[in-house]
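**Q** Chains as they are written, first to last, in our numbering: chain A, 1 to 283; chain B, 1001 to 1338; chain C, 2001 to 2345.
Hint data in this document are derived by calculation from the structure and do not stem from the laboratory. Be a bit skeptical, because a hint or two may be false.
Said to hold, decoys possible - DMTMM-like mimics (lysine to aspartate or glutamate), calculated; alpha carbons at most 25 angstroms apart, straight line:
1) K2173(C) to E2187(C)
2) K79(A) to E1065(B)
3) K2173(C) to D2280(C)
4) K2173(C) to E2243(C)
5) K2056(C) to E1230(B)
6) K170(A) to D196(A)
7) K200(A) to D139(A)
8) K170(A) to E1054(B)
9) K2293(C) to D2194(C)
10) K2056(C) to E1065(B)
11) K2171(C) to D2278(C)
12) K2138(C) to E1065(B)
13) K79(A) to E1054(B)
14) K2138(C) to D2176(C)
15) K200(A) to E269(A)
16) K2138(C) to E1054(B)
To be verified - Below, a sample of chain A positions facing chain B; criterion: calculated Cβ distance under 10 angstroms:
17) G89
18) E91
19) L99
20) Q102
21) F115
22) V123
23) C142
24) P156
25) R160
26) A264
The model shown is predicted, which means the values in this text are computed figures rather than measured ones. Don't be surprised by glycine CBs; every beta carbon is placed ideally from N, CA and C.
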Amino acid sequence: MSSAGSSTAPQVREAPGATLVRLKVEQASYAHMATDRSAPTFTLGPISFEAEGHELVAILGPNASGKSTLLTLLAGLNKPLSGRIEVDGSEVSQLDLRLRAQRIALVQQESELLFPLRVWEYVLQGRYPYGRRLRFESDQDCLFAGNALAQVGADPLRDRWMDQLSGGEKQRVILARALAQQPSLLLLDEPTQHLDIGGKVELLRRLRRLADDNRYAVMVVTHELDLASEFCDRVVLLHRGRCLRVGTPAEVYERPLLEEVFEAPLQVEMRPNGRPRVILQGS
Amino acid sequence: MRPLTARRVALVCAALGATLFVAVVISLRMGAYPISIPEIVMTLVNRFIGRPNEIPPDFWNVVYEIRLPRIALGILVGASLSTAGAGFQALLRNPLADPYVLGVSSGAALGAIISLAIAPQTAGMIQFAAFAGAGGTIAAVYFLGRRGGHVDTATLLLAGIVAVSFLSAVIMFLMTTLPGREFRGMAFWLMGDLASPPPIRSHWLYLLLVIGVGSIYTTSSDLNLILTGEQEARHLGVNVNRVKIVVYVAASLLTGLAVSVSGAIGYVGLLVPHLMRMMFGSDYRLLIPTSALGGAILIVLADLLARTVVAPTELPVGAMTALVGAPVFIYLMRRRVR
Amino acid sequence: MDPFRNALKIGLTAALLSFGVLRASADVEPARQNRLPLAVVPGDQIVTDDVGREVKMPAEVNRIVTLAPNLTEIVYALGLADKLVGDTNECNNPPAAKSKPHVGEPQNPSLEAIVALHPDLVLATTAINRVETADALKRLGIAVYTSNGEGQTVLGILDSIQRMADLMAAKAKGADLVAQMRRRLDELHARLEDRPMIHVLFVVWLDPLTTIGQSTFIADALRWAGAESIVLSKQNWPQVSLEQVVRLQPEYLVFAGTHGESRATELTELRARPVWRDLDAVRAGHVVNLSEKAIRPSPGLVDAIEQLAHDMHPEAFTVGSGDRSPRNGKQLALERSKESIPCAR
């Protein structure tokens, strides 16, 4: 299982000013076994794309397009049937659990906490992948956790109890824990689900800032067309398990394509800043 | 931000250890036979410096044959049950879990009944059979509780509940149909009774205790994470399935150990972890050792009460923990509802 | 959580510690005059008790502790009352036994209390005491003799009494007592041998309805009294359903003192209960209430057998002198059925 697992920095050293490829997906494919044998299995792929440091990439598509499946592949939870998925040059599904957690951080909707926990304790748990299995956190761990809290603007929440936080505050704290992992790849699974429009914008703004300020790649699984367009550098468009297009929002948002994928009457308008806007046609 | 340090764990354990020591001293001192602290000390010292003949036989009997074995057993049982309870509460993600919810004590009781029916006079048979029953149940529930090759918490819990009711029914059936037997001893065993120390050399039992508590302790960081969500823990690098197996086996063995030697003492495994959480926090790196020590203290004191409160009648210690435990539990429950 | 709480806890512990030590040393009470050494010396005889355990008997038995009411009665009947230094809190016969020092309940006596009394011999019985108690006493070096109480016959009880008498150096008195009991039993036997057995239900407990099994001493006692339990069971205390009782219609109901001493109240209660009141036995008033003291495996058992015989077979006693009149009145002419009533399985 786990090796001595001391703190490992990413293997590749970055030249100042250059961005590195954090995630490389090459012809990755996967197939879900359906529980009912008569039902068709769900296949994903083959998909190829890359994500670099400082990039905010959206995995876009309607429900049942394979976004979550792709996410599990990126997180190393499933092994692709063919092709490769690499983070910082290492095949993800081959990585030791702790090493993987040092490279990839996944943010999901949180399960219910059973016992009271303070915010800083929760965020400090993000340092688990570094160090021995049974250990007490070092000063450096506290430093990283503190930085993570600051980056999401949750520093004043530090001593609060987790179950007393509002939904938005909790989400920021969960994000902070993921950042404390010091990942090379930050993955978020439909993070805007329960937020109102103000919350959605705030979150995406924050993700944009994180991507700009840090060397990791940020990938967001979403079906929110406008948010993806406004904030993301690139978009991976999925439809029924196939990857239809990878590129900037301007490149990907073509009306016939979007209409086919989202099965809704849409119109695409290009705005002066080069980012398209999607408008729902009335009937 | 003041994270838990090894130093703090050591300090708290030292404080609890000192409390346990005081409890042991008080428990050694009190009882139906009048003996004073200097006489107790004299008895202990003479034994250690190898002069057992200097000790009056009465003192020897009272200190070494009656009180000390009971206290030692109490420490063993209290520590085992409380640690197992803390482990199960994490494993099953349920604050109401106690060590018996997965059927270990029912299996042990069945073993005990069968041994009483077959060989009631053989010394040590009942403990051995109880442990065998516990072991069988642990294995059965584990295999029932697996799903797709790994331990699924909800399925495990269901399997345990089924095991408990099935085994209880079998026990009831046996108790009413086995010929010519009076299961008098069973009543005491079911309530929890520290008066019958097992014939095996105690240091093996303590070794098992240390191994059990130690195994669970090695997973305490993992448990902290698992308690925030299994998926989340997996993403942070925890080998969740392996941790679950380790905790399941260790906690079940600890429970089987305790139940085999003293019957099913109730409330300890449920309450002590909660009490320790209230006093020292939910971090399992501190909760495991404090539960073990806290459980030992509780049982030693409960047993003391059980044998002195209506002397010379001796109440079974399980009755005492239930009498005190139930109101405390109700209080804790109301506090949670806040 | 914070250093202050830690310090508080340590301080509290230290305080407790000092308090404990102070309190403990405050009442040092070496009542040394009460401390006699245990009297087991090498070269004592070894006997085997009723359950096969080897007992190392001291040369002299001067201090006896009994762990069950019937054993206390036996000790008194053998004239050894002044050697009895301790009994249980359930030992109520004879009344003097209540004021002896108690060691707790028969099922769970306090080992320390027993040790404090320095007994030469502890008497136990399989009828009430647990194996663990006898084991623990043996480990402490105290001689404990366990007699067989459950699966005994009445004659077996007599043997037990004789054996215990031998043990406690009361051989002659024991032989006397046993002979007396045997004589009374033989006399009863002679009077009753031509009589058909009366079918009875012996009620140990009403709810749930519990009776006795065939191998208990009570069943044997019933036979000596000219009665047969309608329930045949290998268990010692089988539960039966009321339906079975209605089907079998016992001629007599015998109660074991569960509802007090008075027969009259027992009958009245039964007459008020549905189903019970329609039983032949209840309608005819054939209800016998024995005190719970009477059905112990002790000398008092013979009294109970005689009482039962008188109640159920009154015509066997109308001829002859020296009859004891039955304690509870009601002499009904019994209608004896010629054919035997089938018994329960």
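**Q** If you check each hint against the structure, which ones fail?
**A** 2, 3, 4, 5, 7, 8, 9, 11, 13, 14, 17, 18, 24, 25 and 26
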